[in-house]
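Trainee: Here the protein sequences line up with chains A and B, keeping their order.
Quick note, the first sequence lines up with residues 1 to 281 if you use the working numbering.
Quick note, the second sequence lines up with residues 1 to 261 if you use the working numbering.
Mixed in with the good hints, there may be bad ones.
[To be verified] Computed beta-carbon distance windows for the label pairs:
(1) B/Arg53 / A/Ile126: 40 to 46 Å
(2) B/Ala113 / A/Ala28: 40 to 46 Å
(3) B/Arg204 / A/Trp109: 32 to 38 Å
(4) B/His186 / A/Leu35: 56 to 62 Å
(5) A/Ala264 / B/Arg204: 51 to 57 Å
(6) A/Pro267 / B/Thr236: 57 to 63 Å
(7) B/Gln145 / A/Ala122: 30 to 36 Å
I should point out that these hints are in silico values taken from the structure, not numbers from a laboratory.
Note that CB positions come from ideal geometry on N, CA and C, so glycine has one too.
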Amino acid sequence: MISDAPVLQQSSEPAERAAAPTRLSRYARPMLGLLLPLALALGWELVVWRGWSNGRLVPPPSRVFATIADLARSGELVRHIAATLWRVGLGFAFGVVAGTVLGAISGYWSLARRLLDPTVQALRAIPSLAWVPLFILWLGIFETSKIALIAAGVFFPVYLGVMGAILSVDRKIVEVGRTFRLSGFAMIRRILLPAVLPAYVVSLRVGLGLGWMFVVAAELIGASEGLGYLLLDGQQLGKPAQIMAAIVIFAILGKLTDWLIELAAMPFLRWQDAFGRAKET
Amino acid sequence: MLALDRVSKTYPNGVQALARFSAEISQGEILAIIGGSGCGKSTLLRAIAGLDRASSGTVTLDSEAIASPHAKIGIIFQEPRLLPWLSVADNIGFGLADLPPAERREKVARALARVGLADKAEAWPRELSGGQAQRVAIARALVPQPEVLLLDEPFSALDAFTRRDLQDHLLDLWADTRPTLILVTHDVDEAVVLADRVLVMRPRPGRLFDQIEINLGRPRDRNSPLFENFKRSVLTSLDRSLDRNVPDRDATQGPGQAMWW
């Protein structure tokens with residue numbers, strides 16, 4: 001009985017992975033999401049083309065894309081996108097670094113949490129836009145105050161995400177680390193970091209979303225370039241196509257940067273037994 | 001030899017989980033600890049593992065006091081507790097980080113083959129069945145070759161068939177290096193199949209009640225009359241341990257140490 005024990009296998013093998021999706025469904029499925037916006041755009045295009053509406057306040061897609069093309073041809077577009085990306089990038093970086101460091105300290109060290117967390121939570125309760133006048137007084141009307149505002153927006157979700165993730169690391173997994181006598185640093189590197197990573201990626205994505213939100217606020221307040229400036233300029237000069245163009249570019253950039261985070265995190269999160277993953281394969 | 005000398009544990013909330021537990025376990029012995037719920041058997045195991053410190057009393061392994069996790073002591077929990085972000089092979093090699101990669105790979109490969117999961121080396125833990133995951137946990141604990149292996153109700157979450165299979169498998173693995181095994185269980189069958197000696201504990205506070213030597217050769221036939229006899233005597237002792245009117249039979253209690261509770 002003893003000798004053949006390892007040969008005996010379990011009765012319940014996990015189900016074999018679903019067969020690879022066919023070529024058609026792999027490409028067709030993401031396309032489904034495009035159906036509704038495309039139908040709406042084409043419908044509106046048709047309405048304006050047939051003359052049922054003049055499309056002055058709600059320009060049809062063709063006019064929006066013509067505006068984008070014009071802006072791109074004059075080099076304006078690149079300048080505005082670069083300015084906005086630069087602000088978001090810098091503000092995001094500062095916010096992430098501060099949020100990660102403070103969140104990690106609060107999560108890891110309970111005395112720090114008691115000292116720090118109530119203040120952070122109180123600050124979080126203030127609508128971030130309320131800081132704008134103060135930031136402008138302190139940091140001037142130019143780049144610094146804008147980046148500070150974006151960083152403040154990014155900071156809170158990242159801080160909360162990191163702290164919450166560390167606090168919710170499974171004690172049982174930490175115990176495994178202890179039984180293998182991991183030192184403090186090895187425990188962080190081999191247990192805490194990988195355990196925290198999924199929640200951290202989510203908080204980065206939420207943070208980035210807020211970063212994009214706050215860059216618009218910052219640029220609406222006063223800027224001479226940037227996508228937010230295009231919005232304001234379009235409003236003041238009565239150019240709805242330009243506003244729509246800026247909105248479309250915001251959507252594309254926001255989606256693209258979010259996807260970059262997702263893409264960068266993917267190799268580290270392959271192990272996840274996620275609901276969404278099971279549905280996709 | 002592992003020596004427990006009057007190990008007691010009182011939790012901060014005042015609950016006394018373990019009272020003056022003494023035992024000596026010789027190298028290579030398989031000891032089962034059995035008892036009703038709240039008899040402090042898991043507390044005892046955690047004290048031996050160095051995960052919790054005893055309030056008083058000492059745990060010594062080869063005359064070395066144990067106060068924190070020790071390289072010579074491995075533990076297997078009720079749940080596999082695999083690290084979900086590591087492949088099966090990396091989970092098994094988790095305790096071998098100090099070895100050069102080639103040596104580590106070789107040991108892991110050998111352990112994988114030994115537990116019959118060579119084809120699962122690159123699988124994620126989520127892809128394993130409960131029994132397979134617990135095999136990986138056993139391999140992970142055994143691969144650093146501990147002198148003492150602690151098992152905290154390791155098979156209680158598995159179905160009866162898988163449990164039997166893993167019990168036999170554990171004995172088979174034990175025979176390789178013959179570490180001391182200390183198994184906490186509430187399954188009388190399991191205790192009698194595996195152990196050289198069964199310690200029966202009684203609850204509130206947890207303390208030693210009785211010990212029964214299982215003088216049976218291995219492999220053991222679960223259906224033999226002798227096996228049934230040992231099972232019955234463990235069961236009887238277990239029943240008596242839960243009866244408040246029965247006085248302690250704890251042999252390690254000297255005169256004058258009688259407990260007033």
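Trainee: Run every hint past the structure and note whether it holds.
Mentor: Cross-check of the supplied hints:
1. B/Arg53 / A/Ile126: 40 to 46 Å: At 45 Å between Cβs, range holds.
2. B/Ala113 / A/Ala28: 40 to 46 Å: holds, 44 Å
3. B/Arg204 / A/Trp109: 32 to 38 Å: holds, 37 Å
4. B/His186 / A/Leu35: 56 to 62 Å: Because 58 Å falls inside the window, the suggested range holds.
5. A/Ala264 / B/Arg204: 51 to 57 Å: holds, 55 Å
6. A/Pro267 / B/Thr236: 57 to 63 Å: holds, 58 Å
7. B/Gln145 / A/Ala122: 30 to 36 Å: violated, 54 Å
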